[in-house]
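Asks: Fit chains D, E and Y to the given chain C structure using the hints.
Number of protein chains: 4
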Amino acid sequence: MEKNRLEAFSDGVIAIIITIMVLELKVPHPTEQVSRPDKLTDLKELLPVFLSYILSFIYLGIYWNNHHHMFHATKHVTGGILWANLHLLFWLSLFPFTTGWMGENHLAPTPTAVYGFVLLMAAVAYYILQRRIIASQGRDSLLAAAIGKDWKGKLSPALYFAAIPFAFVSVWISNGLFVFVALMWLVPDRRIERALQQHAKE
Amino acid sequence: MEKNRLEAFSDGVIAIIITIMVLELKVPHPTEQVSRPDKLTDLKELLPVFLSYILSFIYLGIYWNNHHHMFHATKHVTGGILWANLHLLFWLSLFPFTTGWMGENHLAPTPTAVYGFVLLMAAVAYYILQRRIIASQGRDSLLAAAIGKDWKGKLSPALYFAAIPFAFVSVWISNGLFVFVALMWLVPDRRIERALQQHAKE
Amino acid sequence: MEKNRLEAFSDGVIAIIITIMVLELKVPHPTEQVSRPDKLTDLKELLPVFLSYILSFIYLGIYWNNHHHMFHATKHVTGGILWANLHLLFWLSLFPFTTGWMGENHLAPTPTAVYGFVLLMAAVAYYILQRRIIASQGRDSLLAAAIGKDWKGKLSPALYFAAIPFAFVSVWISNGLFVFVALMWLVPDRRIERALQQHAKE
Amino acid sequence: MEKNRLEAFSDGVIAIIITIMVLELKVPHPTEQVSRPDKLTDLKELLPVFLSYILSFIYLGIYWNNHHHMFHATKHVTGGILWANLHLLFWLSLFPFTTGWMGENHLAPTPTAVYGFVLLMAAVAYYILQRRIIASQGRDSLLAAAIGKDWKGKLSPALYFAAIPFAFVSVWISNGLFVFVALMWLVPDRRIERALQQHAKE
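Sequence order for the protein chains is C, D, E and Y.
Each residue of the first sequence is one higher than the one before, starting from 1 at the first, in the numbering used here.
Each residue of the second sequence is one higher than the one before, starting from 1 at the first, in the numbering used here.
Each residue of the third sequence is one higher than the one before, starting from 1 at the first, in the numbering used here.
Each residue of the fourth sequence is one higher than the one before, starting from 1 at the first, in the numbering used here.
One chain only, chain C, in its complex shape (with noise of 0.2 Å):
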């Protein structure tokens, strides 16, 4: 019952933060040049907020999707894994903010940077979560075994740490390896997986 309780609310707060995010997404107002803003090209403008939206929103639905699992193979829940569930919720919380800062400054460089360290953090956090279930569940855990090497757990945060300085080489860079990692835990391709474990390996 206590699990019920942390994943209801931590659907709540995901489901919030998913829906507070389009906020950012602000419907154009009069100004001195466009007294209706009421065309397709005032909309041009919002472009790099949508994209950014997009993006957030898929990791976003990666989180949860994970959370969920991750929790399904969780008996029961202690103090510590309450708190290292609210650290992830607190990065995640911040993901409206970086959202919108990359999106209205069209992805330049220290948004894109900050939007990459917040990512960073999340992973971490959720890294810390992880290990703090497994640690009360045992190691011949559900949890553990299905996790296993979980090298997409750890590439993860170093292509969001590699993405922090790419920023302000690229941005496209940077970007593109937010996409990569958001398409490398939606697409469940077998062969890529297999792929990336036997370089895991060597």
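Heads up, none of these hints are tricks.
Partial list, derived from the structure: chain E residues whose beta carbon lies under 10 Å from chain Y:
{"hint": "1", "residue": "12"}
{"hint": "2", "residue": "15"}
{"hint": "3", "residue": "22"}
{"hint": "4", "residue": "25"}
{"hint": "5", "residue": "28"}
{"hint": "6", "residue": "30"}
{"hint": "7", "residue": "39"}
{"hint": "8", "residue": "42"}
{"hint": "9", "residue": "61"}
{"hint": "10", "residue": "65"}
{"hint": "11", "residue": "69"}
Below, a list of computed lysine to any residue pairs in the SDA-like style, where the Cα atoms sit at most 25 Å apart:
{"hint": "12", "chain 1": "C", "residue 1": "149", "chain 2": "D", "residue 2": "80"}
{"hint": "13", "chain 1": "Y", "residue 1": "39", "chain 2": "C", "residue 2": "110"}
{"hint": "14", "chain 1": "D", "residue 1": "39", "chain 2": "E", "residue 2": "120"}
Just so you know, the hints here were simulated from the structure itself, not pulled from any lab data.
Model, not experiment: these values are computed from the prediction.
We treat Cβ as the ideally placed atom computed from N, Cα and C, and that holds for glycine.
Replies: Relative to chain C, chains D, E and Y alone:
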């Protein structure tokens, strides 16, 4: 149990979308012309926003209602269903934006067309979700039987699609189509159903 | 199970409405007159907004409470009940707007009348929902017995209705009526109940 | 079952409060001085807002955590408990406002004192709720035993109370007290607990 969490998450997102939409209904603030916007006439400007709020509220109510019934007839949830569901929630999450844009521009052609486009995409996303569920539950499943020929589900996107170009002829045709589709789902009149089914067979 | 999802959805919407209302309580920003709005006097402007926030918070608490009890005594949910419930949520969703408008205009007549109108419509929607549930559960049902003569449910809309024209005589009468109705539901004093029931019989 | 709905509602409200607070962290917009606010220095202005966000996030996490445990040890819910719970949620709902006001004014004395006042009222509301539950469950109940002497619950409001006048001496003392109380609940160090319990006995 997995299903419950998906339902709870979807309910949360839809509940927040519905309530966030009302934030577009902005309390009138003092301007140079009106220092105390406390008259009924100060709300006149808000009427189109209010009307589009009602329309979108009903649409989200219909989606919640149908989502509810669809998952009632669903036994287990797969990864594909999870993502098809998130895809639907993505398009629903754009309702507050399109509703606000259409309302604030007093139902101008382009915002009306964009409103119709998002309705269309949500209907397509719903259809994909339904297909995914039936594919995983089997063609002889409860859901497949409950949906039957699904003429409403097929007619609605066609009408949304038609409403997009019509917005540039007359926004009243498009909005009439939106209201008609909403009523079609809302009114459980069996005679209309039978008549339209007959029409669909011919 | 259907009932649980309706309850959860209603809880979600009411929880969001209650919390969104607090957004009308805007942090004072620097103006030409006040460069650092960090004094208690800078909150003075917010007092009417704060008082109307308290009033609406209590009203939403009462609605949640009664909704809770009503569905506790409900066995199954029909399509009609679902829509009657959404109709109630629609009027409740307008509380943040009317609360903000009344508060920002320091309880001016028209906003007070509109506040009363939305209270009235919510009460009517609640009554319709109650009728729908009793119609589906049977006149001998637990709910019908629990409600009894329902003098509170009948007196409240009458008082809201009276408060609308009174707002143009004196907003204090209207607001007094709003506070009185809230207290009537809040205070479980049996003597007042008995006295008013006696009065209702005569 | 009644209890579940109260828990779910409280979770919903707390989840929304936590997430709404992040809206005070406003994406920097172009000004006359800065046409492209895309540098790290453009975030400098937000640092106090961010720090108060972290503090309030931790406080809400502690409240959620304790609320969770308290209701875990609660068997049935009465009308009085429902309202005592709503009273607690009311004070928690003011956190986004006081957090934003304190943060935007860079921890100025009055906003800090008001922040402390709302913390104090929330602690009082929590105490009332706890009393209500124990009164209905019996003095020998699980909850009464679990709470024990409740020195943390008694020390916290005393420290918040002290922090209010101290804000006019130095805001660092007040904020130090807020951080200390948060750490006191956060750190489950048994030695500190034992030491403070000893101190409480003397």
